[in-house]
Amino acid sequence: MTMRRASSGGRIDRTRTVRFTFDGKAYTGHAGDTLASALMAAGVSVFARSFKYHRPRGVFACGPDEPNALVTLISEGVREPNVQATLVEIFDGLDAESQNRFPSLGFDIGAVNGLAGPLISAGFYYKTFMGPVVGSIRGTRAWMLAEKAIRRAAGLGRAGHAPDPARYERVNAFCDTLVVGSGPAGLVAAESAAAAGGRVILADLDATMGGSAKWSSAMIDGRPAAEWAAGRVAALEAMPNVRLLPRTTVWGYYDGNTLAATERVSDHKSSRAKGEPRQRSWTIRAGAAVLATGAQERPIVFPGNDRPGVMLAGAALRHAGEFAVLPAGPVVIFTNNDSAYTAAAGLAEAGAEIAAIVDVRPETSDAARALADKAGGELLTGHAIVHTHGGKALSSVSVRRFTLESGTFSGETRRIEAGCLAVSGGWSPMIHLASQAGGKPAWSETLQAFLPPEPTQDWTAVGAADGTFRLADIVTGAEAPELDPAPAPCLEIASPGKAFVDFQHDVTADDVRLAHREGFASVEHLKRYTTLGMATDQGRTSNIPGMAILAAATGRTIAETGTTRFRPPFSPVSIAAIAADRHGDLRPERRTPLHDWHVERGAIMQPAGLWFRPRIYGDPGETVEQAYVREAKAVRERVGIVDVSTLGKIAVQGPDAAAFLDRVYTNMFSTLKVGRARYGLMLREDGFAYDDGTTWRLSETDFLMTTTTANAGRVMQNLEYWLDTAWPDLRVALTSVTDQWAGAAVAGPKSREVLAACVTGTGLDDDALPFMGIVHGEIAGVPVMICRLSFSGELAYEVYCGAGHGRHVWEALMEAGEPHHIVPYGLEALGTLRIEKGHVTATEIDGRTTARDLHLDWMLSGKKPFIGSALMDREALLAPDRLGLVGLVSLDGRALTAGAHIVERGDREARDSIGHVTAVCFSPALGKYVGLALIRGGKARIGSRAHLSDPLRDRFGPVEIVSHHFFDPDGSRMHG
Amino acid sequence: MAEPLSPLGDAWRPGSHGNFRDGTGVTLTETRPGSIVQVTAWPDTDDAVRAAIRDSVTLDLPAMPGSGVAGEALSGFGIGPGRYLLAGSTEGLETKLRAAIAPETGAVTDLSHGRAAFRIQGESAEWVLSKLFALDFAEAAFPLGHGRATQHHHDITALIQRTAPDGFDLYFFRSFARSFWHALCRACEDVGYEVR
Amino acid sequence: MKEYSAFSVLRNAFTGNRDWKPAWRKAEPKPAYDVVIVGGGGHGLATAYYLASEHGLTNVAVLEKGWLGSGNVGRNTTIVRSNYLLPANTAFYEHSMKLWEELSHELNYNVMFSQRGVLNLAHSPSQMDDYARRGNAMRHAGIDAELVSPERIARLVPGLDLSPEARFPVVGGLLQPRGGTARHDAVAWGYARGADRRGVDIIENCEVTGFLREGERVVGVATSRGEIRAAKVAVAVAGSTGQVMKLAGIENLPIESHVLQAFVSEALKPLIDTVITFGAGHLYVSQSDKGGLVFGGDIDGYNSYAQRGNLPVVEDVMSELVALFPGVARVRLLRSWGGIMDMSMDGSPIITTGPLPGMYLNSGWCYGGFKATPASGWCFAWTIARDEPHPLNAAFSLDRFRRGLVIDEKGQGATPRLH
Amino acid sequence: MLIPCPYCGPRDVGEFTYQGDANRVRPALDAPRAEWETFVYERVNTAGPHREHWQHSGGCRAHLTVVRDTLTHHVLSAEFVRPGPVAKAGS
Ligand SMILES: Cc1cc2nc3c(=O)[nH]c(=O)nc-3n(C[C@H](O)[C@H](O)[C@H](O)COP(=O)(O)OP(=O)(O)OC[C@H]3O[C@@H](n4cnc5c(N)ncnc54)[C@H](O)[C@@H]3O)c2cc1C
Ligand SMILES: NC(=O)c1ccc[n+]([C@@H]2O[C@H](COP(=O)([O-])OP(=O)(O)OC[C@H]3O[C@@H](n4cnc5c(N)ncnc54)[C@H](O)[C@@H]3O)[C@@H](O)[C@H]2O)c1
Ligand SMILES: Cc1cc2nc3c(=O)[nH]c(=O)nc-3n(C[C@H](O)[C@H](O)[C@H](O)COP(=O)(O)O)c2cc1C
Ligand SMILES: [Zn+2]
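Residue numbers (the numbering used here), protein chains in the order written: chain A, 1 to 976; chain B, 1001 to 1196; chain C, 2001 to 2419; chain D, 3001 to 3091.
In case anyone wonders, no lab produced these hints; they're calculated from the structure. Any given hint could turn out to be false.
To be verified - Here chain A is said to cover these stretches of chain B; the calculated rule only asks that three of the stretch's residues, wherever they fall, bring their Cβ under 8 Å from a Cβ of chain A:
| id | stretch |
| --- | --- |
| 1 | 1017-1025 |
| 2 | 1033-1045 |
| 3 | 1050-1060 |
| 4 | 1069-1075 |
| 5 | 1148-1158 |
What the hints assert, rightly or not - No more than 30 Å apart at the CA atoms, straight line, and that leaves these computed lysine-lysine pairs for DSBU-like:
| id | chain 1 | residue 1 | chain 2 | residue 2 |
| --- | --- | --- | --- | --- |
| 6 | C | Lys2246 | C | Lys2065 |
| 7 | A | Lys392 | A | Lys25 |
| 8 | B | Lys1096 | A | Lys214 |
| 9 | C | Lys2410 | C | Lys2098 |
| 10 | A | Lys269 | C | Lys2269 |
| 11 | C | Lys2098 | A | Lys498 |
| 12 | C | Lys2002 | A | Lys440 |
| 13 | C | Lys2065 | A | Lys148 |
| 14 | A | Lys633 | A | Lys939 |
| 15 | C | Lys2246 | A | Lys148 |
| 16 | A | Lys274 | A | Lys392 |
| 17 | A | Lys148 | C | Lys2410 |
| 18 | A | Lys392 | C | Lys2269 |
| 19 | A | Lys498 | C | Lys2410 |
| 20 | A | Lys673 | A | Lys864 |
| 21 | C | Lys2246 | A | Lys498 |
We put the beta carbon where it would ideally sit given N, CA and C, even for glycine.
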């Protein structure tokens, strides 16, 4: 046992007992405990197995620095792997599991990897498994076999498949000042910003505000620092312009002074209140940010430094101060700086036995010496720890006399009994956020640390985050010993044995030197070759020692060596927390006014972009093909109705509307008469076909443009772009009115009769409503606008009304169609009807075809230039061997397949693709399987035979290439 | 003629929902204005358009971007350069405006069916809306009568007017109404909300 | 210690790993070379390697402004596939795939090429048809491709949300079994070592700051480490193409530089064994051998030379990942980063002689140049050595845009952010 | 990243659509083909302050000419492309 609970002290609530489990075993702790502190208090010393060598590891740090004690939390059946036990607040029912061990934490087979240490040193896998080997294990197969095993051995925790029932949400916040970190520096900054009257947000990742003041032994304004801090927090809380965000980690510093933070709203609770999210993502747009993120302690690297029981001195102090968890046995302090003396004194005061303070420096300051006296135990200056001993828990340390300048040892090795070795290699300002929004961090030789860089955004760093380590320099009225903040430049004790730099990734000091030997001498190469700093803690405790070792190997300074780049997030964030409200609600749904009707009618709804559209209205027992054939047939023989509300609709209004349309469409619109519609084609600026639709002239200055469903948004943006950037002088207003109008197309020989039965206020005969004419009337008392146009090739009308009346009008049309057995039809039938007519849609206007490829050249006006006209006649766009639109007829009586290719020869091995099939159907009108295709040479091949080649679906067969106008090529039906 | 149908369908569940620990945070209503009309001025006719609006429907819109007037029967606010959204409790607003604004002066576009309108009111209104939009809803930044054009996620365009110290009217593309309503209700759950 | 093998690893283990030598020499720039390659990314290094190995040109230098592999080769999501639609691309990327399959052996360096399959998910019947068209184009070009059913997907990818209630239900997918991933850094290091072993000078921390000219002709480069003359200067600087070509007075190119972010989660035990792409948004994900989910989505969508992106894309990508794999909700994002993409006007690459005499250009890789690395180097080396393109890269010319011979996989036209 | 829309004030980049390089000179519709080829396919791809078009598509829908440093993402200025009838939203 390495730790125990002190009988008094700490900020835990001893009156409240909390029950939880770890690896299935029941434990208790107190309210206010972390999982780490409660387990340590219960005598647990091994928390996890390391990544590569599966070495037993205990708690090393306290808070987000922790590299070892990672656990998996399980709640609501959902697994949350790799959580630092030092950050988990315990609650009744908490269920945690250790990771990366088999069969158990105590006995882990993976530990044999440790014996193979030199074999699996940094980069070994680049040098093996290169194949080809013998026999069937060729090329990369040998590696893939090894990879399977490696993947299984690697990785940390295990994720599950169960969906997360918890909710997440985002909140957008605006403030004048965001203060990150609520230690003494953050509190002072927040108070002064708040006093100036601006809106202030103060965020801290801890559950309670106060930072290091919570466990500091310093006095401020004559009170213990913790009391002082509590007072400041209460004062801030009372101010209306201040928002406190505890349990909130600010993790990303993005452009425009936009900071991302995650609040752990209910992770510390047994159950969530109604509507309460698990976590809340804050997007904070701050006028200015104050980074008061404090500093983190780093270790010294020496052999055996990863044994459970070795921990950071500050962490040992914090565990004692906050949680009353103390080393059970004697404590040895190992340091290169004064701060550990505070830890020694604090630990002693809390009840720990200090056996020795081992300091690599030959001398120490008076203030430190005074603390050493207070702490008790031996003071061994000019000494270093050279090894540690014990099994899965520390029992003793080896100490030798040490010369700082030369890094050499002298004298005998001495063993000192110790249950805990508290190490301090000095402190590094937490420059993570600052570096995300700044230049390159600057190395301070005095502090042996990187200081915040020059800001590239509006922030300032204060307190320990800025390298101000003396409390008195942060808060006026602070009394603390006058310690020297500068550590000795000594971060490694080079002595035989495995000395760990990156605990989590098992990167040793030798690995760092090996990488250097192999030429990986840039810090960024070191990182990538050894994976140092790439673990879940992102090298919080390991980067600086690693850089120091690399610098020593290269003979450069740490300043020259530099540090790796800091990137969001500051510490790991749940993926769902960033998805926030889009977890479980990826994209909104768009519904037409007739959506509910379709569903009630049994339509199979299909996503189309964000919309849903009926695919078929299947009768019981019908296949999709039977259903669409029935629907399409009804249109050809009688009458059908289809919801066309999803078509993009754009109001183009203004004195220059017609002139505008002439420029954006290939054909002429200024000549269109009021009360008439015209089919229009748009090209892109590069001359390729873009979109089509009909545009209706409602008055001299009012047009209603329709676009394809898929392109509606893009076309709107393009029109706005052209209007704003190309022709700002045109008086044209563009408005999306897609949602204003419900649209129903009534198609079929009986369509006029259906309308006649329900439309009032207008004539419907050829005179009143000729082909492409528009009339206004009423259906069921609802004003409607009717245009006689046809996509199906039948006599057909599009009926538009206000969306709120869509269902009224639709139902009236259905009723009027009852005598003619009107049939609602879906996308499949719509597709069938258009294939029969050879009309193109997105599968043919696929961004690579031209108007000519699609035989729409008749729409290219020669009388005016338009968007795309300048580039549409380039040779490559006119080449005779381009893919052109044709029709196909299946000659073997079987269905064609969309996406099949067409080849000239009839054998299955033919690989001379001359094009592909874009759309297929069984044509009830022709009684055959037909399709549209884009084929090299296009029209020139009409009349010839070719073959379908669809190796993916094993469909091969002869086809005849025909005109794409399969049915009623002269259009007599729709005109008739 | 029948009443226009609400786009909310069965998503509209009147009554109390969510967490009432601290009382009702907000009330939600679908306001169903009789008219929603957009008016667009040409680059040189903004003053004329506002004058025409003032004279025809007695709504005196200030020139400042995003400003507006919130009234019982009629509200309006700027939604873009030279562009205004007007909402009235009764039908026929478009006809009046069309009569007053000739094409040479500006364009009048009827959106009565194309946009759904919700009202959110209550002490948590700002909190709830700040979950849905990247806007500063504090009264100093978003004063009474003013309007904002913004979006929910990437997909849902929203026009928002502050119509009370603790209340906002939201206008959306109708086809998104039900989806947005779901999102809105979800965002309200932690404060307790009443649908009326 | 030249050759790597299991045996050499074992022998070194006994001697404390003290005898390993640098993977490549830290070469000092010489005054002149036959070929100078600007850019020590995957493509520049592969080009050097194939110049030496295929064309016997070894008096070659690769100049890298930072540390080797600091560009996109070191920051991509490692997906390798040849599932293209258009003939020029299918042929080129399949050539690359074949080179990948032998690469570790060829280089005597394990680039960890893992043919775990690339699966594109489809969410509507028409998307399935699109995939069928693409898959059939692949099959016609002799490339492996399969259409897979949701049932098969369920077996291949446990944990994927295949429920009909999903916002965009999965209706099937296109699988390329030979597709997969490779260890990105190892590709740079392996090519560097391979080129170095054949005599190529790899010169790091050597930024090209100008071009030496004799009239129109490019005859060398000015660098942060002095002037270097060269009979041929080849530029393969990916996202920096615009900046570098400006040094040669080329102000305009059919390229825009955009930032693409990528993401890695904390390490997990094996969870996803295939490369998965989402078809109703933009997301691709695989799991690294170390255990992190490596994933990405759309580019941020604006010109950028800053290797950092912004929140909207981060949010999009996370929401799509958790929609596809609901079980990863509480898995945590470990790190995000950005790289600068050389987006071309049709989304396809440029590998060409010119635009100036003595100069050669390799660019336009968009999201997809990692998988191209071997073929790009191979074709570029050919083009440099012979002063004309190989048939495999003949279509990737610089004048194809003006001439209308665009190779537009996505059909988006000259809007780089949409490719 | 925030873009200060002259109508709406500073808004998150997520509300905007990038509409590309604004350094290009748009030819007249009937301009010679070569001018159009240059306009459509050539980009200066500036490293540094870059003139570009953004549409405030999730707001007032106006197109803006924005000068933004492509090395730092700092937005240096933003104004309407189409001279609008409104004064700048300074307040
Ligand atoms: C986030 C991300 C994800 C991606 N995912 C994939 C994927 O999954 N699959 C895929 O196939 N592709 C992917 N890509 C694309 C792929 O990484 C690139 O297309 C490819 O790496 C580019 O070629 P390269 O390796 O030569 O480029 P780089 O590695 O960028 O090499 C260019 C080099 O030129 C150097 N340089 C620049 N200027 C100078 C100068 N003046 N002097 C000297 N040197 C200079 C740079 O420092 C750099 O090292 C991704 C890219 C990114 C950024
Ligand atoms: N060498 C030394 O003696 C030494 C070194 C370092 C610190 N100190 C002492 O530490 C104190 C420094 O005070 P301080 O206020 O600068 O720091 P602090 O450590 O007291 O407070 C920093 C706070 O920031 C929070 N934080 C850090 N990153 C965060 C993030 N991304 N999001 C949210 N919260 C975050 C932490 O949880 C912590 O509460 C002083 O008392 C000083 O004497 C001494
Ligand atoms: C495939 C891949 C996997 C990565 N895995 C990790 C990882 O496990 N841990 C980590 O910290 N970073 C990981 N990274 C990210 C790198 O740390 C780094 O961010 C990236 O290479 C870009 O470099 P930069 O951040 O220094 O600019 C990974 C990167 C790639 C391309
Ligand atoms: Zn705006």
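Tested hints:
1. 1017-1025: Check passed, 3 qualifying residues.
2. 1033-1045: holds (count 4)
3. 1050-1060: violated (count 0)
4. 1069-1075: violated (count 0)
5. 1148-1158: Satisfied; 4 residues make the cut.
6. C:Lys2246 / C:Lys2065: Holds, because 16 Å separates the two Cα atoms, which is no more than 30 Å.
7. A:Lys392 / A:Lys25: holds, 19 Å
8. B:Lys1096 / A:Lys214: Since the Cα atoms of B:Lys1096 and A:Lys214 sit roughly 68 Å apart, the hinted pair is violated (cutoff 30 Å).
9. C:Lys2410 / C:Lys2098: Distance of about 24 Å is within 30 Å: holds.
10. A:Lys269 / C:Lys2269: With a Cα-Cα distance of about 28 Å, the restraint between A:Lys269 and C:Lys2269 holds, given a limit of 30 Å.
11. C:Lys2098 / A:Lys498: The given pair, whose Cα atoms are some 42 Å apart, is violated under the 30 Å limit.
12. C:Lys2002 / A:Lys440: Roughly 37 Å between the alpha carbons, so the hint for C:Lys2002 and A:Lys440 is violated.
13. C:Lys2065 / A:Lys148: violated, 37 Å
14. A:Lys633 / A:Lys939: holds, 28 Å
15. C:Lys2246 / A:Lys148: It is violated: about 47 Å lies between the C-alpha atoms, which goes past 30 Å.
16. A:Lys274 / A:Lys392: violated, 45 Å
17. A:Lys148 / C:Lys2410: violated, 35 Å
18. A:Lys392 / C:Lys2269: holds, 25 Å
19. A:Lys498 / C:Lys2410: violated, 54 Å
20. A:Lys673 / A:Lys864: holds, 19 Å
21. C:Lys2246 / A:Lys498: violated, 51 Å
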